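Engineer: Residue strings, one per chain:
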Amino acid sequence: MDRLPRWADVALVPFVSLTLAAIISALVIVAIGQDPWEAITVMVQGSVMNAYGWGYTLYYATSFIFTGLAVTVAFHAGLFNIGGEGQAQLGGLGVALTLLFIPWPHWTIALVAASLGAALFGAAWAAIPAYLQAKRGSHIVITTIMFNYIAASLMIFMLVDVLRPPGKMDPATANFPPATHLPSFNEIPGLNLIFTSGVPANVTFFIALAMAVVVWLLLWRTRLGYQIRAFGKSEPAARYAGINPTKIIMIAMLISGGLAGLMAINNVMGEAERLLGNSASGAGFIGIAVALMGRNHPIGVVLAALLFGFLFQGGAELGLWTKIPIELRTVVQGLVILFTGALDMMVRMLLVRIFALFRTSRLEAA
Amino acid sequence: MDYATLLQLLDSTLRLATPLLLACLAGLYSERSGVFDIGLEGKMLVAAMCAGAVAFYTGSAWLGALAGIGGSLIFALIHGVTSITFRGNQLIAGVALNFLASGLTVLTAQALFGQGGRTPPLTGAARFGELTLPFAEALRPVPLIGPLYAEVISGHSVLVYMAFAIVALTWWVLYRTRYGLRLRAVGENPAAVDTAGVSVAGLRFSAVMVTGVLCGLAGAYMATALQAGFGKEMTAGRGYIALAALIFAKWRPVQAMWACLLFGFFQALATRPDIVEGIVRVKVPVSFIEALPYILTVIVLAGFIGKAIPPRAGGEPYVKER
Numbered sequence: 001m002d003r004l005p006r007w008a009d010v011a012l013v014p015f016v017s018l019t020l021a022a023i024i025s026a027l028v029i030v031a032i033g034q035d036p037w038e039a040i041t042v043m044v045q046g047s048v049m050n051a052y053g054w055g056y057t058l059y060y061a062t063s064f065i066f067t068g069l070a071v072t073v074a075f076h077a078g079l080f081n082i083g084g085e086g087q088a089q090l091g092g093l094g095v096a097l098t099l100l101f102i103p104w105p106h107w108t109i110a111l112v113a114a115s116l117g118a119a120l121f122g123a124a125w126a127a128i129p130a131y132l133q134a135k136r137g138s139h140i141v142i143t144t145i146m147f148n149y150i151a152a153s154l155m156i157f158m159l160v161d162v163l164r165p166p167g168k169m170d171p172a173t174a175n176f177p178p179a180t181h182l183p184s185f186n187e188i189p190g191l192n193l194i195f196t197s198g199v200p201a202n203v204t205f206f207i208a209l210a211m212a213v214v215v216w217l218l219l220w221r222t223r224l225g226y227q228i229r230a231f232g233k234s235e236p237a238a239r240y241a242g243i244n245p246t247k248i249i250m251i252a253m254l255i256s257g258g259l260a261g262l263m264a265i266n267n268v269m270g271e272a273e274r275l276l277g278n279s280a281s282g283a284g285f286i287g288i289a290v291a292l293m294g295r296n297h298p299i300g301v302v303l304a305a306l307l308f309g310f311l312f313q314g315g316a317e318l319g320l321w322t323k324i325p326i327e328l329r330t331v332v333q334g335l336v337i338l339f340t341g342a343l344d345m346m347v348r349m350l351l352v353r354i355f356a357l358f359r360t361s362r363l364e365a366a
Numbered sequence: 001m002d003y004a005t006l007l008q009l010l011d012s013t014l015r016l017a018t019p020l021l022l023a024c025l026a027g028l029y030s031e032r033s034g035v036f037d038i039g040l041e042g043k044m045l046v047a048a049m050c051a052g053a054v055a056f057y058t059g060s061a062w063l064g065a066l067a068g069i070g071g072s073l074i075f076a077l078i079h080g081v082t083s084i085t086f087r088g089n090q091l092i093a094g095v096a097l098n099f100l101a102s103g104l105t106v107l108t109a110q111a112l113f114g115q116g117g118r119t120p121p122l123t124g125a126a127r128f129g130e131l132t133l134p135f136a137e138a139l140r141p142v143p144l145i146g147p148l149y150a151e152v153i154s155g156h157s158v159l160v161y162m163a164f165a166i167v168a169l170t171w172w173v174l175y176r177t178r179y180g181l182r183l184r185a186v187g188e189n190p191a192a193v194d195t196a197g198v199s200v201a202g203l204r205f206s207a208v209m210v211t212g213v214l215c216g217l218a219g220a221y222m223a224t225a226l227q228a229g230f231g232k233e234m235t236a237g238r239g240y241i242a243l244a245a246l247i248f249a250k251w252r253p254v255q256a257m258w259a260c261l262l263f264g265f266f267q268a269l270a271t272r273p274d275i276v277e278g279i280v281r282v283k284v285p286v287s288f289i290e291a292l293p294y295i296l297t298v299i300v301l302a303g304f305i306g307k308a309i310p311p312r313a314g315g316e317p318y319v320k321e322r
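Line by line, the protein sequences give chains G and F. Per our numbering, the first sequence runs over residues 1 to 366. Per our numbering, the second sequence runs over residues 1 to 322.
Since the hints were derived computationally from the structure, they do not count as laboratory data. Be a bit skeptical, because a hint or two may be false.
Said to hold, decoys possible - If you only want the chain G side, here are some residues facing chain F, beta carbon under 8 Å, derived: (1) 142; (2) 149; (3) 161; (4) 163; (5) 288; (6) 328.
On a predicted model such as this, the values are computed, not experimentally measured, just so you know. Just so it is clear, CB atoms sit at the ideal spot from N, CA and C, and this is done for glycine as well.
Work out the full structure: start from the sequences and follow the hints.
Structural biologist: See below:
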């Protein structure tokens, strides 16, 4: 098969995939008797046309950057980590335990501690599937799916039987101490000129961006990153080059789990300020779509996370103002994963044909 | 725990094991042919919605089941085209189809009925009724076996008995027919099958379609037999438990039946925490019983109870010439 030019590979393939997903989404909206144009207008109005909407879009995007990076790091090692959801929930547990039982004097110190707690718990939850993959050859996809369910059960147990304050009915922890409150965009000097009303987006957004840079440095500027990528491209070649497979699988999955866990500082510490049931609310799964759409590059992940933040906030607006159910988000998410992830080859074959057509016509002209 | 309670528990075990069993056998065909399918959950969900909707409109559970199979087949076809024709990543395709199913079912049910993504409750012939097996009442007075026959074995919908019949059928197809031999071969070494002049893509497509039919039955059972109508996310992870059972059974039909019965038993136990408490004398969190199938699967995957080796060519698209 002919190769595509680099610009087509980087930009055109995702664009075509995304367009296909958008067209089918529009058809779905038509099929349920609604107006796709109205849908897109409502979504744009509610998510990016005012500061309030941006406050939510960026909040969601923050979570998706973390989970997208998590999937990305694992992908580069040739591992498909579907367990981001469970790891993010465990990250929430890490945040809750750090913040509930230690009286932190200031949010900055609390943030550092909670980040460590979140990353540690997320990484620990990824460690067992990683070990089983590395040492016993158990397929990481299946084990991480199982661990998502085990995590869900564990969290119900922790929230109902262990962490729920006495006398309370809802399965949630007590509120975190006020001293651990993270500044939202409307409380940050400078930004509060734009964000005048209360929004959930908070300082975690900048940590997410920083993590994107860190992941880029790790993957393309360090020896470890080189080893991870080499291992992901070809395990026998990496082994031959003296790279220890067990070590790479473990490290890649620990980083991946840690990143997924870190998401909890955005939603648990930054927004809810207590640990609720199903805290990750699907962001772990969206990480898969974000990583695939972002072509497993941190820049792509940040852009894809913004797009999904828009989709998430816009979708919520759809549920509020139109007759289109909020579940349209899940449909779009599925379509994006299908076209950018599974049908990648189809899009490429299509584009190669088109490019070949142009080339022959140019040759004939000359 | 007395005998009557045990019978109750076994009765609901059978009810709850059936959708797992149908989905598990569904997965068996696809995975034996070398196509991983983590989209069982999605196909069941689509089938449940189609079955619930059509059964409501027509008042016939059988037409509902047919519609369920149809809906599931469409998803199976997409999975086949993606992973066989376009050689896409089978796992990613499965994940995508699960999300698609989760969203589309609610959108469709909401557009059709406007009841918050549910179908209206089904009554009468729109549901599969309970069959009373012959002599169930006559044999009831027989000690031990009589109540077992009357309470546990008898009195289920026809789909339950079909599911167990399909276990036998699958065993026969897999180990006693030419198609079964080829199916097992194509999952282990597609190149050999290709050399023998049999179409790898054709075999795999046929297996994926069988998966669609069986997932359709599983979903139809959920909406028209186990419950009365479709509800949002009603399969609740059963597709993944079925996948777990398939691994637990090491991709063999009879063992799959036992695995599904075991996992069905856990699900039945999870609805009766009082019984568990009575036996072990300690308060066991329900969430622990619910997580047991997953924990057991991880232990099996880890190779502590015999090693689970998947079909060798599973997950890899077949490229005819290199």
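Engineer: Against this structure, judge whether each hint is valid.
Structural biologist: Outcome of the hint check:
Of the supplied interface hints, the one on residue 142/G holds, with its beta-carbon coming within about 6 Å of a beta-carbon of chain F, less than 8 Å. Annotation: interface hint on residue 149/G holds; nearest CB of chain F at approximately 5 Å, less than 8 Å. For the restraint placing residue 161/G at the interface with chain F, the shortest Cβ-Cβ distance is roughly 6 Å, inside the 8 Å limit, so the hint holds. Given hint, residue 163/G at the interface with chain F, is violated; its Cβ is 13 Å from that chain's nearest Cβ, farther than 8 Å.
Proximity of residue 288/G to chain F holds as hinted, the smallest CB-CB distance being about 6 Å (cut-off 8 Å). About 6 Å separates the beta-carbon of residue 328/G from the nearest beta-carbon of chain F, less than 8 Å, and the hint is met.
The structure does not agree with numbered hint 4 stated previously, though it agrees with all others.
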